[in-house]
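Visitor: Spelled out, the chains give:
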Amino acid sequence: MGVQIAFWLFAILVAGTALYAAVAPKIVHAAFSLMATFFGVAGIYAILGSDFLAVTQVLVYVGGIMVLIVFGVLLTDRVPEEYKVVAPRRWLPALIAGGLCFAAIAGALKSTVWPISSSTPLGDATSTVEGIGRSLLTDYLIPFEFASILLLVVLVGAARLARGQVR
Amino acid sequence: MPQDTLNQDFATILVFLVFGALFVIANMVLVGRLIRSKTKYTEGKSTVYECGEPTFGSAFVRFDIRFYVLAVVFAIFDVEVVFLFPWAAVMKSLGPVAWLEAAAFVGVLGVGLAYIWRKGDIDWIPAHGHTRQAGKTLPGELTTVPTDGVPAATIPAIATPAVAEAR
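Protein chains in written order, with this note's numbering: chain E, 7 to 173; chain S, -17 to 149.
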């Protein structure tokens, strides 16, 4: 029961803040609204028993990605007084695109046969972290090490682009 | 049940979050209303006094691109830390092999850190590059200060071209 209440609270939080992020007149407000959305998604992950994913969501999205988005806003070249969404809102194309995406996802959700298991996602463990760690270091070692190479490429590439000139 | 234990752990966090939010709101709205002075708002009350510089212009200025590099670096190492959590949980049971695997992971990212360090991307005053062209200032620096009625002569100069040329 408590889980159900928590789920609906988080669902309302996610939907409401996501909507405000889309329609907010000031882009900074949209960015901070998105932060609340990320938080709500983390809450839903926690309810679903994915503790590691929930903590990662807060750490990476609320912590890291939000900083990037806010800095991206602060770095954009526009008149400071008009820190607003400048492009005209094209409601009709947005509605069509959003409606098609929604229809596709809803159709997939409806046509999928969801396997219902009596066991909980965690099994006997009290946390998913050990299982993830074991998988990362044994079966998925190559993707794990490649993740660091991917991060290295991103780091070097972003620094290179921000420098703006060849040296 | 492990799932219940997990839910309880996250419920504790949720209670903390809710109480934290309520504490701020209650103090600002209810308690603050009782305590604070009932006198009317005047122009002088919003000024800084005794401490702090008088402010001028808008706070919504465009930031230096160097902030962005720092944000990217932060996000990258944020993700790295997320990968290290599951590793730390199983490090002891998997033995020295796990240690080597994580060392390789961190080592690759260490190369990235060495690269941006060497290239001077994380120096606050860049060792090389980012040199200012004559008459041009970095974004975020105020050259034409939006005075808002303040005479331009009273505003202290921010740009220090002598330092820039000394590099």
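The set of hints was computed from the structure by calculation and includes no laboratory data.
Heads up, some of the hints might be wrong.
What the hints assert, rightly or not - Here are a few chain E residues that sit away from chain S, every Cβ distance over 12 Å (derived from the structure):
1. Val29
2. Ser39
3. Gly55
4. Tyr67
5. Arg95
6. Pro99
7. Thr132
8. Ser133
9. Gly163
To be verified - Partial pick of chain S residues on the chain E-facing surface, computed with a CB cut under 10 Å:
10. Val13
11. Cys33
12. Ile47
We treat Cβ as the ideally placed atom computed from N, Cα and C, and that holds for glycine.
Visitor: Evaluate each hint against the coordinates.
Guide: So, going through the hints one by one against the coordinates:
no., hint, verdict
1, Val29, "holds, 21 Å"
2, Ser39, "holds, 16 Å"
3, Gly55, "violated, 6 Å"
4, Tyr67, "violated, 10 Å"
5, Arg95, "holds, 22 Å"
6, Pro99, "holds, 30 Å"
7, Thr132, "violated, 5 Å"
8, Ser133, "violated, 7 Å"
9, Gly163, "violated, 9 Å"
10, Val13, "violated, 25 Å"
11, Cys33, "violated, 26 Å"
12, Ile47, "holds, 5 Å"
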